[in-house]
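My request is simple: use the sequences and hints to build the entire structure.
Those sequence lines, one after another, are chains A and B. For the record, in the first sequence the residue sitting at position 103 is 418 according to the working numbering, with numbers rising by one throughout. For the record, in the second sequence the residue sitting at position 9 is 82 according to the working numbering, with numbers rising by one throughout.
Be aware that a few hints might be false.
Claimed, not checked - In silico DSS-like pairs for lysine-lysine, Cα to Cα no more than 30 Å straight-line:
1) K777/A to K196/B
2) K196/B to K504/A
3) K426/A to K504/A
4) K413/A to K426/A
5) K862/A to K619/B
6) K553/B to K862/A
7) K629/A to K321/A
Note that these hints are calculated values from the structure, not bench results. Please read these numbers as outputs of a predicted model, since none were measured by experiment.
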Amino acid sequence: MDPIIKIASLVRPYWRRAALALVLLTALVFMDLAIPRLIQRIIDEGIGGHDQGVVIRTALWMLGISLLSALFAIGNNVLSVLVAENVARDLRDTLFTKIQGFSFANLDEQKTGQLMVRLTSDTNAVQRVVLISLRIGTRAPLLMVGSLILMITTSPALALAMLPVLVVTALIIVLFVSRMEPLFGSVQKRLDRLNTILQENIAGVRIVKSFVRADFESARFEEASEAFTSRSIRVMRTMSSLSPVLTMCVNVGVVIVIWVGGLRAIGGDLTVGQIVAFTNYLLTTMTPLIMMAMLSNIWASGIVSARRVDELLKTVPDVREAPDAISPVGPAQGRLVFEKVFFHYDGADGENVLEGIDLAVEPGQTVAFLGATGSGKSTLVNLVPRFYDVSAGRILLDGIDIRRLSQDWLLSRIAVVPQETVLFSGTVRDNIRYGVPDAGDEAVVRAARAAQAHEFILALSKGYDTHVEERGTNLSGGQKQRIAIARALLMRPQILILDDSTSSVDVDTETRLQEALGVESQGRTTLVVAQRISTVLKADRIVVLEKGRIAAQGTHAELMAASPIYREIFDSQLGTDFPPEGPAGEVSKDGTPEASPREATVGTRGAEP
Amino acid sequence: MKIPTPRRGPVTLRSTLPPRGQGMREKIEKARDPGHALGRLLPYLRPYRRMLLAVCGLVVIYTLLDLIGPYLMGVAIDRFIAVRAAAGLAKIVGLMLLVYLLNNLFQAFSAWLMADVSQRALKALRQDLFTHLQSLPIGFFDRNPAGELMSRLTNDIDAINQAVSQNVTSLLASVLSMAGILIAMFILDKWLALAALLVVPIMFGFTEFVARYTRRGFRDLQRGLGELNAVTEEAISGQKVVKAFRRSETALAAFRSSNEAVFRAAVSANSYALLLMPLTNVLGNFFVIVLAGLGGWLALKGLVTVGLIATFINYGQNFISPVRQLANMYNSIQAALAGAERVFEVIDTPAEERDAPDAEPLTALEGEVRFEQVGFGYRPGTPVIRGMTLTARAGETLALVGPTGAGKTTLINLLTRFYEIGEGRITIDGKDIRSVRKADLRRHLGIVLQDTFLFSGSVLENIRYGRLTASDDECMEAAKMAGADPFIRQLPQGYRTSLGERAANLSQGQRQLLSIARAILADPAILILDEATSSVDTRTEARIQKALLSLMAGRTSFVIAHRLSTIRDAGQVLVIDDGRIVEQGTHRELLARRGFYHHLYLSQFKGQAI
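Structure, rendered in structure tokens:
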């Protein structure tokens, strides 16, 4: 019952309009039912009684009623649409706001696609239920009951004769409705399979072509296509027999009316007009049955959607602001202390990703985290801005537990360059100043320079005003990462977190980037997660993580001497035959001598105020 | 009377929005040239001429039977009930029942036939599309993002399906029954028929009026929905960044304004769309009233009988419903034609260049590859590869290094003939690759890409993709050589484990091992390897390296290298920059030369003394 309550609660703010829509609908039913009665009068009293006045008056009555009913119907439609669309809008708004409050853990659980489905299809399904219910809701049952009553009052005996037909019709509809879902489901499954093959052949076209598998794939597609085709033919046949079967039911009803009614009319118990009215009532009883058959589908999918939406709305964000959160005055120092930090994903029974991390990072230090995938390095840095909350232990910023700080305050002191680069539609400039929307051009350029992005941005067709296409498809991976770094630098954070954010930047550029960051980072605490060992060589401290514990820490030289794990990583990536001579005669990409990185950094520093 | 088959859900223009930016714009889009699209669709129906003819015959018959039913009712009333003669009533009622029965039987039968015809024709169209898609050059797929292409094709085919399966027979039946009813009416009584005829133009006028506003309304709505969709998706997919940069308020504001716009557009579009029902209803009632009123008046004058009026009212109700259906079908047929047009657009895209008629087969290979003065650009005027000359001796490993965008991947695209070179020539064992059969060429090339692509299906099937005729044992042997065997055995069903979409349940490293196994099984003479840049942990990395070494042994290998260990072991290192080979030699030679490569290498250690 939950989903229905949910839908009702959504309609509630608009209950007046909804109620009015239903009142109009009820009025409509009475008008619909009046028409056959009036036709009966024309035939019996008008024609039968040779009274021209009755014919004309009744016809005018009918005209007036049907015009009025059209007005009522339009009123009902507009009101229903208004209510349904209001509900849809509110639901989208509620969902969006809810999702915005989600923590990273919530977001990891719910994929973007899923959330989008909640906001689009599911919302639409709920909206349809509201709309259909308000437009047909009371009409179908009332119309049915009404015509039944009128049939009985017109001729109880004839109505009784109709009973088996109505029961059979209802049974047929129930049968079809119950078979419809599984039938459509089986077609859908085969269609999904067909689409998967199509999808694989589009996305994996290089593999298909290079293995010369066109014939194989065509056969695979053909097979899936045949499975889908034969099943949909079967389903379509079943479904298409519904219409003739139902029509036959109505026809049998009409024949019975003519037969039974005819005999009674001949016997003098019935008038011709009553017979005509009766056939009309018969049609008005059948139509709602069919309407309800269609309705059941919409209701079923609406309820499923409402349930899913409700589940989403019941999700509790697991990172919440403390009620007495504090916002210290002034900038942060940037001293970070991890005290016996434990962390696991998925509730209480998840496997520990971090197991008792103890670590102190002094203001201005650069600490790099290295380790195998799954060692917990990325998780560790994501705890600092409270993207996730520790499971046990605590993290202190300048001596205060970060869970006691206001989220806004904390986030405004931290800038993150995430593992997965996300750019937004808009210009390159907009993207860089995403964290500081009112930043001036000079600041934007300075950040871009430090991120080694300035030059390639200038080379773009419109420089800083170049539009970033959907998901940044017009930029290379390395370029996107550098824009993301510029975005973080512009915030001039006290704590900078680079979460494996230079993986697509080529080594040469990365080196320059690090030089620039080194100069830029005066007094800033920097946490770097890296896969490439060359990225971390210069850090003040390198922390090697293994299975959620700190396996070793120290400078590069210390670790080379003391840590076998570190040496193993180093050897696998850089090799041991490194020639000892220092850099000499550096040549830039185009072969001309290039300003040495040191000079380049000086240039960057010169741009600082 | 006819009862429409309930569809799955209501036929609204606003169907569910797919997750990515694929709007439902198509649904109300008109085909640019509907006649042409229709002309292209018709040949798919040709093989079913006879069946279609039978369907037409059935439709004509059942439409006629449809007319006889109400007529018989009138007769029953006039000749028997009104004059109180019970004698023949049973006979006429029996006749009515028979007519109705036949009518519905024929109707069901024609729908049965049509289901077959429409789905078979659609299947042929789908197969044509698929086969053609496979023959398209890689350039087509590079230009059209996979997601977009996919959603477009599925939506378009679905639109055609909807129209074909639901509408073709009902269109025919509607038109026929309208004509039939009109004719029958004229035969029975011309005055009443003329009155009925009056309704038709009014009905179409209404429909067109409403449809015009509805189309406009829905166009606005689609635009609005598209925008809302984009705003929402961006905010949700980028939410970690939105949160981290404290921009939730802005995101919410953008969302709210789009949401409000959609609300307004939806209210107006739907209100217009729903106008049609009450309008046609009132018109239908009006029609009945006119018939009843006029008929009553005529009956009083003794010009028509009561039974005739009953017949007419029945006809009248039957007459309105096809008009209503025609209006409904209009949009769906438009959408289908627009969809067909786009499908044919894909089918008309020129296929990959065919092999020359005298193309030679390529059999056993030594594997010596030469590039001679090769030049190429994806777009004319912007060369990506210039005057490239290189030789790979049989069995040698060539490491390609250089900055992103230097042309390494392009080189691979040319060797595989994914793209055709602009100038110069590429030879394998002295044969120009343009003179051999493309399929043969590719069969001898093994490609292991950075982004491993696995198909839905079992692990075993994915390995067997390398050589379809391989036995299970051979596949497992290949997996062992690739070092993938241990992890495969740990999967829930071992080699029979089925991989979900894009193998989400395997790690990046495991997927790479599988693709290496696949290449080992294919046993190519020439190997092309795009090394993964990162994101694999050290131990898996070591395993991959080992697997690659065993794969490369004895084969000519082109490696887009990111690992120094690979480069160190390579026979030749080609340093590529800006479409040219700037340096060439072994790792040690190049280091000694102290050029660009030396710089690339050293830049990782700058300022660091060991």
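Outcome of the hint check:
Annotation: proposed proximity of K777/A to K196/B is violated, straight-line Cα distance about 47 Å (limit 30 Å). Restraint check: the Cα-Cα separation between K196/B and K504/A comes to about 17 Å, which is no more than 30 Å; the hinted pair holds. For a cut-off of 30 Å, the pair hint linking K426/A to K504/A stands: about 22 Å separates their Cα positions. Pair hint K413/A plus K426/A holds up; C-alpha atoms about 15 Å apart against a cutoff of 30 Å.
For the proposed pair K862/A and K619/B, the alpha carbon gap of about 24 Å is at most 30 Å, so the pair holds. Restraint check for K553/B and K862/A: the C-alpha separation of about 27 Å stays at or below 30 Å, so the hint holds. For the suggested pair K629/A and K321/A, the alpha carbons sit about 12 Å apart, so the restraint of at most 30 Å is met.
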